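**Student:** Now for the letters of each chain:
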Amino acid sequence: MESIQAWFRRLYDETGINLTIFYDPWDGLKYLKGIGLTIELAVLSVLLSLVVGVVGAWLQGVRFAPLRWLVYGYIQFFRNTPPLAQLYFFYFGLGALVPTTTNAFGLAEPILNNFQWAVIALSFFAGAFNVEIFRSGIEAVPHTTVEAARALGYSRLKSYIHIVLPLAIRICLPSLNNNLVNLVKTTAIAYAIAVPEALYVANQLWSDNLNVPEMMNVVLVTYLTLVGLFVFGVSRIERALHVPGYTPS
Amino acid sequence: MTAVKRMAGGAVVLGLALAVAGTAQAGAVLDKIKERGEIVACIKVDYRPFGFRDPSGTMIGLEHDLVDDIQVRLTAALGKPIKVQRIPVIAANRVQFLEQGKCDMLMATMTDTPERRRLIHIVEPNYYASGITVMAKKSTPIKKWDDIRGQTLCTSQGAFWNKEYERKYELKLLAFAGIAESEQALRDGRCIGSLTDDSLAASRLTDKEIWGDYEIKLPTQDTKPWGLAVQHGDNELFKIMTDASIDWHKTGKIVELEKKWGIVPTDFVKDMHEKYKAK
Numbered sequence: 021m022e023s024i025q026a027w028f029r030r031l032y033d034e035t036g037i038n039l040t041i042f043y044d045p046w047d048g049l050k051y052l053k054g055i056g057l058t059i060e061l062a063v064l065s066v067l068l069s070l071v072v073g074v075v076g077a078w079l080q081g082v083r084f085a086p087l088r089w090l091v092y093g094y095i096q097f098f099r100n101t102p103p104l105a106q107l108y109f110f111y112f113g114l115g116a117l118v119p120t121t122t123n124a125f126g127l128a129e130p131i132l133n134n135f136q137w138a139v140i141a142l143s144f145f146a147g148a149f150n151v152e153i154f155r156s157g158i159e160a161v162p163h164t165t166v167e168a169a170r171a172l173g174y175s176r177l178k179s180y181i182h183i184v185l186p187l188a189i190r191i192c193l194p195s196l197n198n199n200l201v202n203l204v205k206t207t208a209i210a211y212a213i214a215v216p217e218a219l220y221v222a223n224q225l226w227s228d229n230l231n232v233p234e235m236m237n238v239v240l241v242t243y244l245t246l247v248g249l250f251v252f253g254v255s256r257i258e259r260a261l262h263v264p265g266y267t268p269s
Numbered sequence: 034m035t036a037v038k039r040m041a042g043g044a045v046v047l048g049l050a051l052a053v054a055g056t057a058q059a060g061a062v063l064d065k066i067k068e069r070g071e072i073v074a075c076i077k078v079d080y081r082p083f084g085f086r087d088p089s090g091t092m093i094g095l096e097h098d099l100v101d102d103i104q105v106r107l108t109a110a111l112g113k114p115i116k117v118q119r120i121p122v123i124a125a126n127r128v129q130f131l132e133q134g135k136c137d138m139l140m141a142t143m144t145d146t147p148e149r150r151r152l153i154h155i156v157e158p159n160y161y162a163s164g165i166t167v168m169a170k171k172s173t174p175i176k177k178w179d180d181i182r183g184q185t186l187c188t189s190q191g192a193f194w195n196k197e198y199e200r201k202y203e204l205k206l207l208a209f210a211g212i213a214e215s216e217q218a219l220r221d222g223r224c225i226g227s228l229t230d231d232s233l234a235a236s237r238l239t240d241k242e243i244w245g246d247y248e249i250k251l252p253t254q255d256t257k258p259w260g261l262a263v264q265h266g267d268n269e270l271f272k273i274m275t276d277a278s279i280d281w282h283k284t285g286k287i288v289e290l291e292k293k294w295g296i297v298p299t300d301f302v303k304d305m306h307e308k309y310k311a312k
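Top line first, the protein sequences correspond to chains U and F. Each residue of the first sequence is one higher than the one before, counting from 21 in this note's numbering. Each residue of the second sequence is one higher than the one before, counting from 34 in this note's numbering.
These aren't lab readings, by the way, just hints derived from the structure by calculation. A portion of the hints provided could be inaccurate.
Stated by the list, open to error - Covered stretches of chain U, as calculated for chain F (at least 3 residues, CB under 8 Å):
#1 22–34
#2 117–126
#3 217–229
What the hints assert, rightly or not - Taking lysine-lysine pairs in the DSS-like style, the calculated list, with each CA pair at most 25 Å apart, reads:
#4 K170(F) with K53(U)
#5 K283(F) with K310(F)
#6 K53(U) with K176(F)
#7 K205(F) with K53(U)
#8 K135(F) with K171(F)
#9 K135(F) with K176(F)
#10 K272(F) with K303(F)
#11 K272(F) with K65(F)
#12 K303(F) with K293(F)
Remember, predicted model here, so these are calculated numbers, not experimental data. Note that CB positions come from ideal geometry on N, CA and C, so glycine has one too.
The whole structure should be built from the sequences, with the hints applied where relevant.
**Tutor:** What follows is the structure, encoded as structure tokens:
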């Protein structure tokens, strides 16, 4: 550990390449925590966006028209505006309107903090795409299969859960994974509302140490690694769910 | 092994070439300014009254007045009319912009630090100075610096005090890209106060409509000088800037500008004026 730190310190003195995260324990720990928060943000918003997608796709098929319009409006809003603008809108636009609690100093403080708003904004953003992706999968499930399920006595909800969704997920998995990979990368925009994830911490560090090119490279490698691991994971799932003869391998 | 050696050798040659190019450039930026008939200045527009926009969108402020003075000096020195192009910067990108040559000079409420001196050529004497304080709602019960220990404070990305204060007072800092976002977060109650520059806080508080409920909570500490900067390597331009800075203190120009922009006179400017007037 000591020798690694000494090596990076020497690297700085001799070449000017300043990677403080490898020799300054404070900076290193901060960056590690940043990566941790990026992962937390990614996992939570991936899960929530999947829930949004499944529920939204089901609501798109209900008989009650106003619900369908609501889903349609939601999709249009979130698909047609930039995620960064949405994040600002949630945090600064809506954030001030939500109820407040009183903190230790007796001052009003909004109940949702920046991390929670980031999870909400990211989930709704990716969720809008997920709804459409699930819909494409659902529509690809043969009508005859659905009718057979209904003939066997499945209700609409039960056939959705047990028959349609399992098949639809397998069909739309490739495009779903695409969207989720995008979502993992999009977590970086949370830096705009001061969520201390990897990019935010990197920004702080390069402001303190003025080692912009070095930290830019570190950030790039960090995301490459994180997204690489994620892609590896989802392709494993894709393979595990593969149904011979039904989905292309 | 040999490949590695060759690469290392290549890097050394490249480094030498860069070093030579660096020294051979004395006056290069000044020549460029003369050729273009224009100096490009990186400057702030989010820092009333040092740099901001008036209702018509024109960039004005104390620093803008000083850049205008530089323009006059350059016109005299180069013997042809020089225009000014202003590039608005924020704390998080100003040093990089100058370093990359996006602008020829940087005057952006920047504190003079050794780390920054490594990258850019900071002019002496320093033209201004400011310290750190906390601005918060009047009802916030903080009276001394120790009261902020462990609290959440708003600040802006790239401010030099962030790391030091985060460690010293175990703060949770919410750092935003711009000053406007940081202040909105303060008004929304995202933090108990804003960790900020005393000069900025004082000027904000003059706007009673928005900041009537707020006040400066703590005595200013860590007062540090601000630096005007150019790229390393052009000593002629650096000399013009140095002469300008000396002149500003000698003639009391900055004392006047403080008055013009309604800034509470700072000891730094007063002392510098006394010092240089005597010379």
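**Student:** Against the earlier hints, flag every one the structure doesn't satisfy and list their numbers going up.
**Tutor:** 1, 4, 6, 8 and 9
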